[in-house]
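Chemist: The task is simple: from the sequences and hints, build the whole structure.
Here the protein sequences come in this chain order: A and B. Under this note's numbering, the residue at position 48 of the first sequence is numbered 48, and the numbers go up by one with no gaps. Under this note's numbering, the residue at position 286 of the second sequence is numbered 286, and the numbers go up by one with no gaps.
Since the hints were made in silico from the structure, they are not lab data. Note that the structure is predicted; figures quoted are calculated from it, not measured. We put the beta carbon where it would ideally sit given N, CA and C, even for glycine.
Just a few of them, taken from the derived set where beta-carbon distance is under 7 Å, the chain A residues facing chain B:
#1 Gly276
#2 Ile279
#3 Leu299
#4 Val306
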Amino acid sequence: MGRWFLIRLLWLLVTLLGVTFVTFLVLDLAPVDRAEIEVMKARQSDSYVDVAHRNESIRKLRMHFGMADPVTGEPLPLWRRYKAWLGNALTLRLAGPGEDHAALWRRLAEALPVTMLLGGISLLIALLLGLPVGVWLGRRVGRRRERFWSAVMLAAIGVPEFLMATLLLLTFSVVWVQWFPAGGLRSTGADEWAFFWQLLDFLWHLALPVFVMSIGPLVMVTRFVRDAVARASAAPFVISLRALGVEPKTVNRRLLRHGAVPVATLTGGLLPLLVGGSIIVENLFSLDGLGHLAFRAVLGQDQAIVMALVLLTSTVTLLALLISDLMHRLVDNRVRLTD
Amino acid sequence: MSKASTNSVELAATGTAPKKTGRQQKSALRGWLPWTFVGLILTVGIFAPLIANDVPLVAKVDGSYSFPAFADLVGDVPPGPHDLSWKQWWSRLSSQDEDWAWMPPRPYGPLETDAALFYSEPSWAHPFGNDDTGRDVLARVVHGAATAVCLGLPSVLMAALIGTLLGAWAGFARGIVDVVVQRFIDVFLCFPTLLFLLFASAFFGSSWFALITVMVLRFWISFARIVRGEMLSLRERDFVLVARGLGISTWRILVRHLMPQTISAIGVTAAFCMASAIVAESTLSFLGVGPNAQSSWGTMLRQGSEQAAIGAWHLWFFPAAAIITVVVSCHMLADRLRVQPTAQ
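Modeler: This is the structure in structure tokens:
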């Protein structure tokens, strides 16, 4: 077990290196030169009049941003820049050379709780609702009610998140009825209310975004559990339990465990999905979370934040995958994977 | 190392089902509705300029023939005759003329505006209505399909090719190849797809090439994982041993005896990937960074939702219906191809 864990941890680091290197490479291929952007910005305020002056400032900025050798001014090769980035990342200086690291961390720290809350609640709903519903459906595969609900699930994931969010916004907060707020997390003036009302207000604001974000994971968990339970229902132990006259309730409880095993492996894999969802949901419902930060960073062509976010999300994803594999081993003692 | 599935594609496709029976395999091909819709969307998408356009398919001008709509399919439309636009020229033709033109079934272009028809509701002449600048919504929906298909089809085909080859190789050869391919899969599994597509759009100026590359990078792992998994179990079967004993070459075993058995799994994955590609394209366009902002369901939806408050329901309804129909059809198709688990 200990050896398995160490090997997994090692692979995790190797994968992280791969992920960040590929991202770095892709960002490097992009025809975006930060030094030129900065100079262009400055030129709008007329501080660069002649070409020689301008080229000189681009050269200096390139050195400043770590794109060129600080002594000779020659462009640095990719691997040297990646090495520099890696060194900085290891000491948590993610904002790029010569910039305010604390400010970047402040922005991340402000955005993280919103996304974690959204994602956490959605994941919780998906697991708490998906597991029992999946078991219920799995016991009825092929019957009319199961077919009906499976068709509903099919339709539900057929509606893309941005479309679902738009339709809900149009229906419930703009055009048809105004039951839910169109964005934000708190009403204006909520600070003076009693704690209970503040909480209620908060949940009221979260209702639509959480609904949109939880549909995908919920359907996935439910289908996965349904298939696992349907397979297990045909297993000899269930047949013998039923033949022995064990109550259906007890049989279902045994089957729940079979549904729980795939969920253990599934949970980690849902995270990239939630990251994608948060970008859309936070944009449409104007919430200031990581998704929104990512969107603005990408549109502003801010490479440092993109790198920081890819590092953050892939670390969390890989850790979650590791933990769910660990959970899988704990839940199911038949699993003894050694390599 | 055990693998947890990570996105909708894998999750839905890897729900490994019990053994196939003849009856179930036959029923997999039944259900004409999703096939029809997916076929329709591919056809409409590929041939959009021939279906809805404001230039004729065939025109006879001063005794010589030209094919402006077909020219639109492959490149630029030639300028209309007599310093008029094609549409003006066509509307002034009389039956006595030597010249004639054969217009596409929907004689409106996606960009053709008409001041008389601002916000007009659906009617017989314009079944989907007209938008805020009088453009025909039906023509725009048709050309939106073109944008979705032109992005989705090449990326899915390319990803299927790369993923199937690598997956089959890894699953069949095992050893070092398998380890390397698995590492690559792990790396690409971590990327949040939408974020990558967004920055392909932002950093490379919404270029088609960049977006297709990112999609291929994301989709090939779906194919590779499925095919690898199938290969792992297929290669242990007795018939492979027999084939080897008969002296059949490894390549031939792979191509003639193993690959055909993975076709249905590849089909499922392709249907899912097509759905995600279409969703991705419309999401990008909705967020305002799509590859072809002029005619895309996402763009139409954003504009429509902005104007929904003034009661123009047909501006958002038709693109929304198009997206949902296509995505649900792709998912249904995948569901059909996949063998359903059965309870006893």
